[in-house]
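If you want the building blocks of each chain, they are given just below.
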Amino acid sequence: MTGPAKPILTIAGVQQRFATRSGEIVAALNNINLEIATGEFVAFVGISGCGKTTLLKIVGGLTMPTQGDVIYKGERVTGPIKDLGIVFQRPVLLEWRTVLTNVTLQTSMRDLGSAAEQRRLAEELLDRVGLAGYGDRYPWELSGGQQQRVSLCRALVHKPGLLLMDEPFSALDALTREQLQRDLERMWLRQKPTVLFVTHDVGEAVCLADRVVVLAGKPGTVVANIRVGVGRARGADLLNNPQLQAYAKEVRSVLLPQEAKTGAVLTKTG
Amino acid sequence: MPASTALRVVAFIVVFGLVWEVATVLLRPPDYLLPPLHSVLAYCFAQWQVMLKHAGVTAHETLLGFGAAIAGGIAVAFVLNRFPRVATILWPSVLFAQITPKVAIAPLLLLWLGFGIESKVLIAFLISFFPILINAHAGFQSVDEETAELARSMGVRGLRYFIRFQFPHALPRIFSGARIAINFALVGAVVGEFVGSDQGLGNLIILAARLLNSPLMFSTIIALMGMGALFYFSVGMFERWMIPWHVSYRRTLQAGKIGLQDA
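So the protein lines, in turn, are chains A and B.
The opening position of the first sequence corresponds to residue 1 in the numbering used here, with each subsequent residue numbered one higher.
The opening position of the second sequence corresponds to residue 1 in the numbering used here, with each subsequent residue numbered one higher.
Some clues are possibly wrong.
[Said to hold, decoys possible] Chain B stretches covered by chain A per the calculated footprint, using a threshold of three residues with CB under 8 Å from any CB of chain A: (1) 120 to 131; (2) 228 to 241.
[What the hints assert, rightly or not] Sample of chain B residues with no beta-carbon within 10 Å of chain A, all distances over it, derived: (3) A75; (4) V86; (5) T100; (6) W112; (7) W245; (8) H246.
Derived from the structure by calculation, the hints contain no laboratory data.
Idealized CB from N, CA, C, for every residue including glycine.
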């Protein structure tokens, strides 16, 4: 497959510059061009500071690029995308709301359906990530992994067309992370939103994504676009899947020379 | 307030009372300087209806001033947070109001508003307004970037963002301000009564000083302390009811259950 058949998302010549505190102009992204198909799972890999998060915010319409356009569903993005779901590195749950009402926050802020309907949808999702019966608890009564699951449910409960994930599992321990990767793949296969997934974990990227986009340099540019031709569901099983391992090697081979230049250390993945 | 705290407060009061009583009995200071506790309590007991009437006046002034400070402080903080352009004009006047010594202008306020409760309410308000404002404003400003982005991703803006995100987020800080403000308000009301009034506990203190009536003086001080404690703990109980989710009320949980990992 070369290039997506029917792009839902087009990133055209996107460039981003910041003014630092000292007034210096710093470029974060340079000339990013990508086409992403409906329901595609795309992972963005790169070392810290290459502008991955910035790109995610631009795509979601939360930040405007200095130059270039993002086209989503045929329209130029000028503000937050309507059917957007976001998962951050931290769970970002509202501490005054219960687990259930943190999930229904999404649907109630968007006025989607009756309260009972919102509740039913949220409970269904919580059930699916193993949090049945946790609805009345408060976020701080949950472990970090559980909190991030709630955050995932909140991002999916309104069936978004576009799901943005900014290093969502990088603060979790390895076992919890694997479990969440499996949960995510399962839920993605069910709903099939288009996913943009930022990570610095190569293993995670090849396990989850249909395509891995490698960003590198300052300002960040796309240095590789690797399609992961492995069937679903993969179950986040890098260890026992030589095909995934081969893709991981390929991604690393692109990433490593870049790393050598900036002197950063790539953590072992998988 | 947990039972153990209540017990310690009671224990402190008992010990304090004992020391007072024993010291006055043993050392026999002149009554007008320090009367023995039992005569103060006897006075309180005999005059409780009078005390209660005056306490009611002071409480009324305090609560009106405090209520106005809560409403006004939150409203001004909202405007300062929401309209940065207005804030640049409003901040200097807010700061000006704060650096003006309220106690020093109390006689002036009495001159303007008369000897009724209005002047006391105004002083109570002015003196308790600032802690509410500062805390509410800091609370509104301190919503983290990601939460704000989350709200925007859901299309939440304007007043809805304030009600659903900013205000609940700021509540713990607003209550911190309120705990300080409630006793400030009481001080304000009493100062107002000192300067000129015909009723209230502040009025009784001035009266007691003129008459060298030390049992009345001490009875009034005890009444004021009791009122201050009642107000303070009422705010605390209201806080506990309003924000049971806040970190300061999570003690009952085992630490092991909290597994948030910051990175």
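Status of each hint after checking the structure:
With a threshold of 8 Å between beta carbons, the proposed coverage of the segment 120 to 131 of chain B by chain A is violated, since 0 of its residues qualify and at least three are required. Check on the segment 228 to 241 of chain B: 0 of its residues sit with their Cβ under 8 Å from a Cβ of chain A, so the three-residue criterion for coverage is violated. In this structure B:A75 is separated from chain A by more than 10 Å, as the shortest Cβ-Cβ distance comes to about 21 Å. For B:V86, the requirement that its beta carbon stay farther than 10 Å from each beta carbon of chain A is met, with the minimum near 25 Å.
The Cβ of B:T100 lies farther than 10 Å from every Cβ of chain A, with a closest approach of about 36 Å, so its non-interface assignment holds. Remark: the non-interface label on B:W112 is consistent with the geometry, its nearest Cβ contact in chain A lying 42 Å away (cut-off 10 Å). Non-interface call for B:W245 relative to chain A: violated, since the shortest CB-CB distance, roughly 5 Å, does not exceed 10 Å. Once the 10 Å rule is applied to beta carbons, B:H246 is inconsistent with being away from chain A; the minimum gap is 8 Å.
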